[in-house]
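Asks: Letter by letter, the chains look like this.
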Amino acid sequence: MRDYGFVSYASRDDFFDRSRAAWNPGKTQFWLDQGVDLVIDRREGYHLWDVDGRKLIDVHLNGGTYSLGHRHPELVAAMNEAMTHYDVGNHHFPSIARTALAERLLATCDGTMGKVVFAAGGGEAIDIALKTARHATQRRKIVSIRNAFHGHTGLAVNAGNPRFSRLFLVDEPSQFPQVDFNDLAAMESALRGGDVAAVLLETVPATYGFVMPEPGYLAGVKDLCERYGTVYIADEVQTGLMRTGEMWGIYKAGVSPDILVTSKGTAGGLYPLGAVIVADKVAGWLDEDGFGHISTFGGAELGCIVAMKVLEITGRPQTRATVASIAARLERGLADIRSDHPDFFVGIRQNGLVIGLEFDHPTGAQLVMRALYENGVWAIFSTLDTRVLQFKPGLLMSPELVDDLLERLHRAVGQARAAARATSGRAA
Amino acid sequence: MSARRAQVRTTDWGPDPAAHARTLLERARWAADEFASFDRARVDRIVRAAAQAGHDNAARYAEWAVRETGLGVVADKTTKNEACSLGLLARYGDEDYVGARYDADAKILEIPRPAGVVVALTPSTNPVSTVYFKVMLALMTRNAIVISPHPAAKAASADAARTLNAAAVAAGAPADVVQVVDEPTIPLVDALITDPGCSVVLATGGTPMVRAAYGSGNPALGVGPGNVPVLVDATADLVAAAERIVASKAFDNSVLCTNESVLLAEESIAPDLLRALDDAGAHVCDPVERDRLRDWLYPEGRLRTAAIGRDAAWIAEQAGFRVRPGKRVLVAPFERPFEEPLTQEKLCPVLGFHTVADAAGGIRLARLLLRGGGRGHSAAIHSRDRATVMAFGAAVEVMRVSVNVGASLGSSGFETNLAATMTIGTGFTGRSSLGENLEPRHLVQYTRVAYNRDAGVAFDDFAGMQPWTVRPTPPAARPAAHDTARPDGVSHTADGRAAGRELDLLREEIRRLVRAELHSVLGAHHG
Chain A
1 MRDYGFVSYA
11 SRDDFFDRSR
21 AAWNPGKTQF
31 WLDQGVDLVI
41 DRREGYHLWD
51 VDGRKLIDVH
61 LNGGTYSLGH
71 RHPELVAAMN
81 EAMTHYDVGN
91 HHFPSIARTA
101 LAERLLATCD
111 GTMGKVVFAA
121 GGGEAIDIAL
131 KTARHATQRR
141 KIVSIRNAFH
151 GHTGLAVNAG
161 NPRFSRLFLV
171 DEPSQFPQVD
181 FNDLAAMESA
191 LRGGDVAAVL
201 LETVPATYGF
211 VMPEPGYLAG
221 VKDLCERYGT
231 VYIADEVQTG
241 LMRTGEMWGI
251 YKAGVSPDIL
261 VTSKGTAGGL
271 YPLGAVIVAD
281 KVAGWLDEDG
291 FGHISTFGGA
301 ELGCIVAMKV
311 LEITGRPQTR
321 ATVASIAARL
331 ERGLADIRSD
341 HPDFFVGIRQ
351 NGLVIGLEFD
361 HPTGAQLVMR
371 ALYENGVWAI
381 FSTLDTRVLQ
391 FKPGLLMSPE
401 LVDDLLERLH
411 RAVGQARAAA
421 RATSGRAA
Chain B
1 MSARRAQVRT
11 TDWGPDPAAH
21 ARTLLERARW
31 AADEFASFDR
41 ARVDRIVRAA
51 AQAGHDNAAR
61 YAEWAVRETG
71 LGVVADKTTK
81 NEACSLGLLA
91 RYGDEDYVGA
101 RYDADAKILE
111 IPRPAGVVVA
121 LTPSTNPVST
131 VYFKVMLALM
141 TRNAIVISPH
151 PAAKAASADA
161 ARTLNAAAVA
171 AGAPADVVQV
181 VDEPTIPLVD
191 ALITDPGCSV
201 VLATGGTPMV
211 RAAYGSGNPA
221 LGVGPGNVPV
231 LVDATADLVA
241 AAERIVASKA
251 FDNSVLCTNE
261 SVLLAEESIA
271 PDLLRALDDA
281 GAHVCDPVER
291 DRLRDWLYPE
301 GRLRTAAIGR
311 DAAWIAEQAG
321 FRVRPGKRVL
331 VAPFERPFEE
341 PLTQEKLCPV
351 LGFHTVADAA
361 GGIRLARLLL
371 RGGGRGHSAA
381 IHSRDRATVM
391 AFGAAVEVMR
401 VSVNVGASLG
411 SSGFETNLAA
421 TMTIGTGFTG
431 RSSLGENLEP
441 RHLVQYTRVA
451 YNRDAGVAFD
461 DFAGMQPWTV
471 RPTPPAARPA
481 AHDTARPDGV
491 SHTADGRAAG
501 RELDLLREEI
511 RRLVRAELHS
521 VLGAHHG
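So the protein sequences, as listed, match chains A and B. Going by full-length UniProt numbering, 175 is the number at position 175 of the first sequence; the sequence numbering is gapless. Going by full-length UniProt numbering, 440 is the number at position 440 of the second sequence; the sequence numbering is gapless.
Please keep in mind that the hints were generated in silico from the structure rather than gathered at the bench. Any given hint could turn out to be false.
Claimed, not checked - In silico negatives: residues of chain A with every beta carbon more than 10 Å from chain B:
1. V7
2. T28
3. G63
To be verified - Simulated crosslink set (SDA-like; lysine to any residue; CA at most 25 Å straight-line):
4. A:K252 <-> A:F297
5. A:K252 <-> B:A175
6. A:K55 <-> B:P196
7. A:K252 <-> A:G376
What the hints assert, rightly or not - Now the in silico label distances, taken between C-beta atoms and shown as ranges:
8. B:P219 <-> A:G414: 37 to 43 Å
9. A:I40 <-> B:P196: 24 to 30 Å
10. B:V457 <-> A:G347: 46 to 52 Å
11. A:T383 <-> B:S433: 54 to 60 Å
12. A:G347 <-> B:G215: 52 to 58 Å
Every residue, glycine too, gets a C-beta built ideally from N, C-alpha and C.
Turn these sequences into a full structure, and let the hints steer you where they fit.
Replies: Now the structure itself:
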């Protein structure tokens, strides 16, 4: 079927067998059961091609990892330039690239931030944020949202759905109380004891289906944090880097967090990188014991160079303007599609290009995901709410591509609605 | 510690030229895509707002352009800026570049299709007026435009472009409908014109730039250089001809490429014409002055660019002689027209002067002079003999001839009924795809919906139909506190008939203003 030089396969089934055997049988089979037999080969801009050459528009983007597109030519050029001079560097020493990126990240914030700690990815970055908060407050409890997702490392996994912490017997529910999103009273009762180190919140919970915070909710949580001496950690992994039309979604919400975590798109999908941006008032451990968190690949210099380019492109006024253009056209187009299928396509959650589409069927998003896949679009359902499809378009899409995407979605929603009616008879 | 040049630059790490161009063009594509579905009323509001903003700032940018480039005359640049803002609105505002049209007899429906993203290169000689001109053309035809100004005029040009963009956007245009390059460089210009995101290049400027536009692989409307011969025959009204020629040469110190370069006078009237030129404000050089002027103006046989757009007294002084105060043009008579530097394009208020035996000889020589440059561009004639006018028009290889009018504003359509323009198509003979004066309609094409010609197949009645969604436009600007804006935010002009009347009145008022201003400024030169 395919000879890649480093490996060859007799057929697609042969490949899946070997993937099951050597890599991850559960995941490999899951997607096949979902009707998504995707093996990604070529990738460019907002398109993917599978091993058989089938082209797909990518609106999964690995949660924003590819917000600027796959292998953006300017990022590839920056990476290539960096490769002529750098490798990951030595994590113990002061580094030109790391310091330059730290300065640039601080410059994107509201003036209250003072330090940047680097990680190799989002989970590690969340762990650093939580450790920072525990050090600053000398408290242990971390409050998060039910159905949140913050990564699967030691501390972060405990702030998420217990399915993943119980699996490995690492759950510590007494240290990680969870409350319902958009419930300020519940939040206050969790904080009132004065023993909570941090509240950890995605600005818009992604894996929960991009449930939009109610007006005043995030600011209310921040007020509670200040009242009870708790650190506010904004997980901006899926809402940062211009996805909401502002560099950081939390500032768009009018909240100034104590710690801001970014990853996924930070180095444009060319290098793993996470960063924890910390207000000086909670950054004390960096003075007390600078070796407190050691990460060989945290802030790898190759990644730092690419990340600076990501910030430069993302910060261009044209990028911001284009995000507004895309968001406005999608808003119109999605409303049109919804008006054609009001009994099935029941909700649109949108903040810029952070978008969740809600369908009136227990697995509606999986049906739409499959129909989209058949129509040449790759978008993923929300793991923790299978009624909601995550719809994450890129920041630099052309009007032609947005129209193309909407047309395919229109068709897919109609097909999924028919499938839903056939299986449940609900959407009559 | 001494600064070492880092091998990986980690500061000031902006986009490379290709990426910069792509960024601008991708933005423009969004604007163009939105703009292309606007209806006539919305477009009219936008065009009017931009024209008004251009007019309001005409004098400021005229002064700025002269200060920045050292070229031209503030009052004349003001006139051009006005002519290229409200003046263009008066001229083209009644034209419909937006609505569908149909011919029931031909059974064809025509639906306008804007070019999309226009990349416009603008010159240093007429910087702001050309920016105004190209922006107005783009807005009238629902195109987005990216302007790359001449480096010598970049600050005034960029500011002017932003002013028009702000006015257009405030009136409802898509964001970034007008963009401009702040730091034009050859690699950036090359990237802009060759990128597939550019729909059409509008190139006004030097020959290398125009040739580059045609070599870009993208559609281009580029124009070649001029070198305008003007024939005055024995039948001409000599006093009127002299006044028109002097006013035209003095206008903005001859930076319009349509200005006269070489005057060919029929022998019988040459002495009288020279006297009339002197009376009209020209200084007629004696042979010594002529030689000094030639030596200074054409060192090594090529035009000294420092002379472009400078005034007559300054040029005379540089050449080593003085002229009386009030002299606005230097006339340089020469005897042999071959291998004579003074036959080349000048773009300054110096006019070559040569005597020909008769009108036929003048026509032959005018034709010959264009072989050295300026083919396809423009020429002028002052004559009352229609046979001579026709013979001149047929023989001289140009795409327009101005008759009994100054060539600067005649061939550019401001004092003739040619299309008012800042971009002169030089036709196939001048290596251009454009043979006319560039005007708005050149930036829009039509989808032709053609029915079966068989009489048995009916054509549809499209009366009153438009393909564009008519949407209420938000108010142009945030209403001031005292403003009694309608609370629903719906524009008053949603009523088509009321809007039409309002527009007609406005257009008449604009026409009156522009006529008055043009007359006052031009009149001052005649007087």
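Asks: Hints the structure violates: just list their numbers, smallest first.
Replies: Result: hints 4, 7 break, sorted rising.
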